[in-house]
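Top to bottom, those sequences are chains A and B.
Take the first sequence: its position 96, counted from the start at 1, is 89 in this note's numbering, and no numbers get skipped.
Just so we're on the same page, this note's numbering is the position in the second sequence counted from 1, plus 8.
What the hints contain is simulated information worked out from the structure, not anything from laboratory work.
Bear in mind that the values here come from a model prediction, so they are computed numbers and not experimental data.
A virtual CB, placed ideally from N, CA and C, is assigned to each residue, including glycine.
Accuracy of the hints is not assured; some may be wrong.
A few chain A positions that, by computed beta-carbon distances, are all more than 12 Å from chain B [claimed, not checked]:
#1 P4
#2 L5
#3 G34
#4 S43
#5 P48
#6 K132
#7 L133
#8 G142
#9 Y145
#10 K155
#11 K156
#12 P176
Derived DSSO-like pairs: lysine-lysine, alpha-carbon spacing no greater than 27 Å straight-line [claimed, not checked]:
#13 B/K90 <-> A/K213
#14 A/K217 <-> B/K99
#15 B/K76 <-> A/K217
#16 B/K140 <-> A/K217
#17 B/K126 <-> A/K120
#18 A/K204 <-> B/K102
Stretches of chain B that chain A covers, calculated by requiring three or more beta carbons in the stretch to come under 8 Å of a beta carbon on chain A [stated by the list, open to error]:
#19 52 to 58
#20 61 to 69
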Amino acid sequence: MEPVRIVQNAPLPRKFTLMTGLPDVGLVGVVAGSQIVSSLGMKEIGTVESELFPPLVVLHDGVPKSPIRIYAKEKLAVMIAETAIPAGAVYPISEAIVNWSFSKGADLVLSLGGMAVQNRQDIEVPKVFAALSDRKLSKLVNGAAEILGEGYIVGAYALMLKKCAEIGLSAIALLTQSFYNYPDPEAAAAAVKSVNMILGLNVGTSELLHKGEEIRLRSKDFMKRTQTEMARINKSQECDVPPLYG
Amino acid sequence: MSKERKKLNFSDYLRRTEQITERMLTGGWNETRSTIEPLSDIILGATEVVVTMDLPFVDPNAVQVSVKADDIIEVQASTKQKIRLHELGVKHRKSEFSSYHSVLRMPVPVNEEGMTYKLKRGILEIHLPRQK
Chain A
-6 MEPVRIVQNA PLPRKFTLMT GLPDVGLVGV VAGSQIVSSL GMKEIGTVES ELFPPLVVLH
54 DGVPKSPIRI YAKEKLAVMI AETAIPAGAV YPISEAIVNW SFSKGADLVL SLGGMAVQNR
114 QDIEVPKVFA ALSDRKLSKL VNGAAEILGE GYIVGAYALM LKKCAEIGLS AIALLTQSFY
174 NYPDPEAAAA AVKSVNMILG LNVGTSELLH KGEEIRLRSK DFMKRTQTEM ARINKSQECD
234 VPPLYG
Chain B
9 MSKERKKLNF SDYLRRTEQI TERMLTGGWN ETRSTIEPLS DIILGATEVV VTMDLPFVDP
69 NAVQVSVKAD DIIEVQASTK QKIRLHELGV KHRKSEFSSY HSVLRMPVPV NEEGMTYKLK
129 RGILEIHLPR QK
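Next comes chain A alone, as it looks inside the complex (with noise of 0.2 Å):
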């Protein structure tokens, strides 16, 4: 049995985009991603189930739910995480949800997540990076976001770009300067933004930016199990500067 499974509950199309918001920076990506399900009202899909997270289910209208859920409307399907992925996870998972698109037929992976500044109080828009599999998808990413061409990438969203670069499956992490050790709904604001731009979506955020607040105290207690998952993994490399270029 694989370490780390992917149940799907509905059909998708075929040529689809899987979207990512896995807890990471700012969880930058959970806040985006589910601000994008809940304006699309997309439906769930599907849940990814492990041995590897902890014994736990989230209540949400008192059912029981997964705490990695799928959901999906029309080409889009977006994968969101309400408990930090365990260091041991990391590698596990980040296979098995690029073996998944691979297998469905998905034609994009794009990743949702934080790029750790630390002058971020003085930031007023922040600025979102786009990692790349290929450097054809900069024409995708077309002005959404500024292309990274130096730096390391720390975790699932590393794993997944490489992994798709290597199976010739296009993949984009779209990485947003916020805060490192709290959830940052401006960030999370401005990459909603880009994934308008590069899906010709049009997901509102005046609520991220409004409810800006509430959003940071419900993601306290989850924000503080990530920092430590992102201590495991070394995420703070993610500032170093690489010692070769080119």
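Chain A is fixed; fit chain B onto it per the hints.
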């Protein structure tokens, strides 16, 4: 001096025990004292220690920072409104919170004199000069 120091250590010990228990049992929501322990971060610089804290809903005029011992700081801050858990979707708990409280151990001794702090985008940033 030594008695004073001993007293501070004991109270520090109690606070730390309380903090650990709080974190383990409630994730930083102290329902007995109606306080929330905020997320925080400590950066050690060459001449100063910088502490940041995420304080959503904080009243900017009700933030107090004090140095309790050479290497202990305490932050208390009231919120602009009562934070009720059931309004955050936790229907089975009726608790409400009206302030943040945090006691942090600094990695090196610091001076209260010269300490500055500011609140921006709901993040408290405290600069504490290192003791020479």
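Checked hints:
no.: 1; hint: P4; result: 31 Å, holds
no.: 2; hint: L5; result: 30 Å, holds
no.: 3; hint: G34; result: 20 Å, holds
no.: 4; hint: S43; result: 23 Å, holds
no.: 5; hint: P48; result: 18 Å, holds
no.: 6; hint: K132; result: 35 Å, holds
no.: 7; hint: L133; result: 32 Å, holds
no.: 8; hint: G142; result: 27 Å, holds
no.: 9; hint: Y145; result: 20 Å, holds
no.: 10; hint: K155; result: 30 Å, holds
no.: 11; hint: K156; result: 32 Å, holds
no.: 12; hint: P176; result: 8 Å, violated
no.: 13; hint: B/K90 <-> A/K213; result: 17 Å, holds
no.: 14; hint: A/K217 <-> B/K99; result: 22 Å, holds
no.: 15; hint: B/K76 <-> A/K217; result: 25 Å, holds
no.: 16; hint: B/K140 <-> A/K217; result: 33 Å, violated
no.: 17; hint: B/K126 <-> A/K120; result: 24 Å, holds
no.: 18; hint: A/K204 <-> B/K102; result: 22 Å, holds
no.: 19; hint: 52 to 58; result: violated (count 0)
no.: 20; hint: 61 to 69; result: holds (count 3)
In terms of the numbered hints stated before, the structure departs from hints 12, 16, 19, listed from lowest to highest.
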